[in-house]
Amino acid sequence: MRSKNELLQKIDDGYLKFSKGQKKLADFIRKDYDKAAFLTAAKMGEEVGVSESTVVRFATALGYAGYPEFQKALGELVRTKLNSIQRMEVTYGRISQGEILTSVLQSDIEKIKLTMDGIDHEAFEMAVDTILKANRIYVIGIRSCSPLASFLSFYLNLICDNVTAVNTNSSSEIFEQLIRINEKDVIIGISFPRYSMRTLKALEFASNRKATVITLTDSVHSPMTLYSSCNLIARSDMASIVDSLVAPLSVVNALVVALCMKKQKEVITTLETLEQIWDEYQVYSKDELNMVGDKVELSGTSMEEDEESEDE
Numbered sequence: 143m144r145s146k147n148e149l150l151q152k153i154d155d156g157y158l159k160f161s162k163g164q165k166k167l168a169d170f171i172r173k174d175y176d177k178a179a180f181l182t183a184a185k186m187g188e189e190v191g192v193s194e195s196t197v198v199r200f201a202t203a204l205g206y207a208g209y210p211e212f213q214k215a216l217g218e219l220v221r222t223k224l225n226s227i228q229r230m231e232v233t234y235g236r237i238s239q240g241e242i243l244t245s246v247l248q249s250d251i252e253k254i255k256l257t258m259d260g261i262d263h264e265a266f267e268m269a270v271d272t273i274l275k276a277n278r279i280y281v282i283g284i285r286s287c288s289p290l291a292s293f294l295s296f297y298l299n300l301i302c303d304n305v306t307a308v309n310t311n312s313s314s315e316i317f318e319q320l321i322r323i324n325e326k327d328v329i330i331g332i333s334f335p336r337y338s339m340r341t342l343k344a345l346e347f348a349s350n351r352k353a354t355v356i357t358l359t360d361s362v363h364s365p366m367t368l369y370s371s372c373n374l375i376a377r378s379d380m381a382s383i384v385d386s387l388v389a390p391l392s393v394v395n396a397l398v399v400a401l402c403m404k405k406q407k408e409v410i411t412t413l414e415t416l417e418q419i420w421d422e423y424q425v426y427s428k429d430e431l432n433m434v435g436d437k438v439e440l441s442g443t444s445m446e447e448d449e450e451s452e453d454e
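First residue of the sequence shown: 143, per my numbering; consecutive thereafter.
In short, the hints are calculated from the structure, not lab data. Note that CB positions come from ideal geometry on N, CA and C, so glycine has one too. Careful: at least some of the hints might be erroneous.
Claimed, not checked - Derived DSSO-like pairs: lysine-lysine, alpha-carbon spacing no greater than 30 Å straight-line:
1) LYS152 - LYS162
2) LYS185 - LYS162
3) LYS214 - LYS162
4) LYS214 - LYS185
5) LYS152 - LYS165
6) LYS275 - LYS326
7) LYS159 - LYS177
8) LYS214 - LYS275
9) LYS326 - LYS255
10) LYS166 - LYS214
11) LYS255 - LYS352
12) LYS166 - LYS152
13) LYS214 - LYS173
14) LYS326 - LYS352
15) LYS177 - LYS166
To be verified - Between beta-carbon pairs, the in silico distance windows are:
16) LEU150 - GLY260: 20 to 26 Å
17) SER314 - VAL362: 29 to 35 Å
18) ASP174 - ARG322: 29 to 35 Å
19) LEU274 - LEU150: 39 to 45 Å
20) LEU247 - GLU414: 34 to 40 Å
21) GLU318 - THR415: 30 to 36 Å
22) SER371 - MET339: 18 to 24 Å
Start from the sequences and build out the full structure, keeping to the hints where you can.
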């Protein structure tokens, strides 16, 4: 398991051999990597007090092809290391209040485009087939990833048998729910920076029990990929107090649609049965709001009629 970011490890390994200027750069990055990630080579040189060429040579000395590749590694460091307060300071220090809505929406659009361009289609198809063949399906996602796990579990339950949304309130509960997992089962782990150790341990446990592990994460370098045989990569690298989970949700949507297409007859039968149950037990009869003309009505009755019946 990786214990340290790759860039920081390279800096540690080469520090004693660095020139005086390179050591200044190394110290600056260790201390202010959140700031360094957004600087050009020239600006970083000014900040540290060295030439632009020294910055470029430093990047190549660390094994990167050039400054752009080095800056990309800095971005990875920011995503995985910044705490929430630091990320908020970085983002809101660069975006004015009036630009926030447009900037965030544009960033989300960009993440979906990058995900679409980079996702492994073979891995996606493998994930679909693996889920369809599994005896039991477990889904785990913690903290900000919990809504994604719940959303996926909800729809998987309409498509497949034996779906378990792993309750993640405590580590002991996680292992209690996974106690019977075996080689015929699949677990889907969802985790984005800052990565969840509990999710990682759950995937390790499942892997040790020979279950198939599918991950939904942000990079092939994510620790979640250590135990997985199928990686679904979705971009989620907006440096702010909230990570963008729009692209991961789109991948979840695609997964659900693909599964539905593979099991159309079963899904239609399930939905028809549910409609009958909902109707029989009046699940939605007083709980759906519809627009009729310019009035809002509950299913099967108008708002005025419903209020009159309540008064009586």
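Structure versus earlier hints - violations, ascending order: As far as the earlier hints go, 8, 9, 11 and 18 are violated by this structure, in ascending order.
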